[in-house]
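Note that the protein sequences, when read in sequence, are chains A and B.
So the first sequence is numbered by this note's numbering: it starts at 1 and just counts up by one.
So the second sequence is numbered by this note's numbering: it starts at 492 and just counts up by one.
Keep in mind the hints are simulated off the structure, nothing from the lab.
It is possible that part of the hints are untrue.
[As the list claims (entries may be wrong)] Under the rule of at most 30 Å between Cα atoms (straight-line distance), these lysine-lysine pairs were calculated in the DSS-like manner:
no., chain 1, residue 1, chain 2, residue 2
1, B, 659, A, 323
2, B, 694, A, 100
3, B, 694, B, 973
4, B, 814, A, 58
5, B, 612, A, 335
6, B, 814, A, 121
7, B, 612, A, 323
8, B, 826, A, 121
9, B, 814, A, 168
10, B, 514, A, 121
11, A, 473, A, 445
12, B, 571, A, 100
13, A, 335, A, 147
14, B, 569, A, 147
15, A, 316, A, 367
16, A, 147, B, 612
17, A, 323, B, 549
18, A, 357, A, 379
19, B, 549, A, 335
[As the list claims (entries may be wrong)] Restraint-style ranges between C-beta atoms, simulated for each label pair:
no., chain 1, residue 1, chain 2, residue 2, range
20, A, 318, B, 844, 45 to 51 Å
21, B, 861, A, 151, 56 to 62 Å
22, B, 728, A, 63, 44 to 50 Å
23, A, 318, B, 710, 48 to 54 Å
24, B, 791, A, 151, 58 to 64 Å
25, B, 818, A, 47, 34 to 40 Å
[Said to hold, decoys possible] Sample of chain A residues with no beta-carbon within 12 Å of chain B, all distances over it, derived:
no., residue
26, 242
27, 249
28, 305
29, 313
For every residue, glycine included, the Cβ atom is placed at its ideal position computed from N, Cα and C.
One-letter residues, chain by chain:
2 protein chains.
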Amino acid sequence: MSDEKLTPRNIDFSEWYNTLVLKAELADYAPVRGCMVVRPYGWALWENIQAALDRRFKETGHVNAAFPLLIPMSFLEKEKAHVEGFSPELAVVTIGGGEKLEEPLVVRPTSETVIGSMYAKWIQSYRDLPVLINQWGNVVRWELRTKLFLRTLEFYWQEGHTAHATSKEAEEETLRMLGVYADFAINEGAVPVVRGVKSECEKFAGAVQSLSIEAMMQDTRALQSGTSHFLGQNFAKAFEIQYLDQNNTLQHCWTTSWGLSTRFIGAIIMTHGDDQGLILPPRLAPIQAIIVPIFKSDPETAAVMEAVNRVQTELKAAGIRVKVDDRTEVTPGFKFNDWEMRGVPLRVEIGPKDVEKGSVALARRDKPGRDPLTGASGKSFVPQAGLAAVVADLLTDIQKSLLERATAFRDSHIFDPKDYSELTEVVQNGWAYSFWCESSECEAKVKEDTKATTRCIPLDREKGHTLTGAGGKCIVCGKDAKRKVYFAKAY
Amino acid sequence: MSDEKLTPRNIDFSEWYNTLVLKAELADYAPVRGCMVVRPYGWALWENIQAALDRRFKETGHVNAAFPLLIPMSFLEKEKAHVEGFSPELAVVTIGGGEKLEEPLVVRPTSETVIGSMYAKWIQSYRDLPVLINQWGNVVRWELRTKLFLRTLEFYWQEGHTAHATSKEAEEETLRMLGVYADFAINEGAVPVVRGVKSECEKFAGAVQSLSIEAMMQDTRALQSGTSHFLGQNFAKAFEIQYLDQNNTLQHCWTTSWGLSTRFIGAIIMTHGDDQGLILPPRLAPIQAIIVPIFKSDPETAAVMEAVNRVQTELKAAGIRVKVDDRTEVTPGFKFNDWEMRGVPLRVEIGPKDVEKGSVALARRDKPGRDPLTGASGKSFVPQAGLAAVVADLLTDIQKSLLERATAFRDSHIFDPKDYSELTEVVQNGWAYSFWCESSECEAKVKEDTKATTRCIPLDREKGHTLTGAGGKCIVCGKDAKRKVYFAKAY
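With the sequences and hints as input, model every part of the structure.
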């Protein structure tokens, strides 16, 4: 319930976010420190995210499975970089059925190890390859500073794990899934992302190379929104994932892993939300259109509700996710605020005058106070006849507008500083896109001076930020640099 | 891969089951004792089960959410019966982030406690009621004797948790969800179930009353396949789930919980499977029809594959889940066995002669060696034109036949023993349906003498086993008994 206003974003962005998550009833704090409860409205959003991703995974030949939550501690220790990266964050089961366990079990922080052990068992021959499996589930990482959706002890995600006969195929898979994530983020979430390679320092513990999609939040901080890792033969060697090739020679597989989590809900909130609350992209919104009936006296009620029910039926038949707010204990004005807080893309108001005229009033969430059709200020009154097509078109337009707005915001906050001094300034309110020599010393210096980290080295030509084949000079040390990187403060 | 035959069911039913689960690639043993990996084929089956249930949950007004995996130990201790029931089976996290935790955290064995704590926070007024939330997830119970799908340390399930203003509403909900489970089991799984009340001894730890659906496996043992619990105010009082009623008086809520798990996959296997392998009910089968191309020489290949692809496209367009087995390294005979092992309801064979005649050969899984249309022995050759409709009808018929066969088997193995001596005999190869005085002494005596337990006291008139209003005499002690109960050995 939204009985109080949010702290405006420009006053305290973090407070705005925390309050919005609670008021929109997306999530709540669980009784265990750092854990969250995803409430029904937030989970419905996650279910739509899952469906949009799962469809893409299946179209690219992947299948789902389920691997165990509990992993023997010794498994993590088989891959050196992996255990070093994850051991500070582990939740460990030491007692089972009232007895102390001989070997402690780790609640999975990620599943490369246990899945690797199964792949070693299942894969015998080149005919068994590739193995393309995804898992939807929960993982636990003992984080110290937590924030709903962005960083919690337990979170929900999918983790894809694939095994291939050649390095080339595994590298192609890593790129393919990064492309799936970027396509999903941009076309379903209306979250414009850049994609690229993580630095050695920022890569996944155990990977040869990590790729990521990175989004810019409205406070200009970067949010890593999905990652895809080329694991080389690191896990294949640690777990003896081997196959007999066409020449009957035993070979190690090449593996990948890739994940996207409930963190993406944070990306949606901080990309699109405004001071009235959440704004959801129509393609992922659990409710795309909310119908609010308006009547003052009893005799009006029946006529209004007849129209409301008819409109609801028509919109539903057109495949639009629609809901009627027929609560009697609160006013229409309360309902308007409530659904604005929850970010429903389109509001349909039906009152006695609309019944007379055969019309409805429409209000779009992304442009409050504007005629949703013409863009002029004030509401528009649209005929009930043919409404489903108008609503469908408007939802498409809202989706498009959100992406355009977010892209314009992002592009106007990516800078090409002329020197290091300017870099240290621009990363206070934006990203720097600069040549970097790829040394960890320069990376560390930027982090120390500005708190900004390297986000990714773009793989392809991003609009307005083309790679120059010629290379340039590192913005930090002035030495030769082949590629440009994004420097930004990050979540 | 099914290169060896299964142990026949009548030789060793348990061995038949264990081998089938592995050979059909439904699941595998995980590296941690008692845990399982659900392989892609098994998980696809579970996804279909989830979809069929989730649709029913949403139709009855429920929404999904996610509550935390880790529960403070003290929460379990708030409900006395609950902690007594579950404490022997807990997995306990004692270390987090490298440090010993002040309070140990339990990996949820079920979520009444943590969900109760959130409901106490969310529910204020009668206007907030009912709360109708379901969660899909994993739970851990430290079982000693495990068996894939039937009893594993970690398993997958859904758990519904609802809160109501009155006892009546909560009792109605408990019954409604039992009805949803029975409808699902019978009409999706083709698993005939009886439904009824569990005895005091067999009820859920913390419930006032537990209801269950019970299915008969082919070895005549009972499998509890879903449960629905009326929790009274037990958890509402333990967690202070309270609301202000219309008179502004503070009241405790009435709560329910209900669950169905991956155990149901075990029910499907043991209800329908035969000595060739799994038989899946078409409504839940990941693959409903498998197309096997047949050709000996190269020139035949192109013509056969053209027909195969065309038929696949047509079946897919008709909404049939169809797959082509185009492997070249194995023979058609191998493929027949392989898909029989995996229980695909219908096989479509297309060879050079079929191409000539514009026909296909059909073989149904539930009646091997029979003409699928006429029931006569031998295959039937059906025109390619109009095949989708024929296949759809056959799938409907297979679904119906499986339910009929299982129902007939069950009904022919439920007995009405005339005295205790006969009861001890019939429960060796069937269920006894007898009057029982509802004392735990008589229940314990049956268990000690025969290993059979009370399964449930039917709520409604099951076909052929009508309740008599008049009552009768307890089959064990001879005292007055109001109701009949099923006695059976159980999983």
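For this structure, which hints from the list above don't hold up? none
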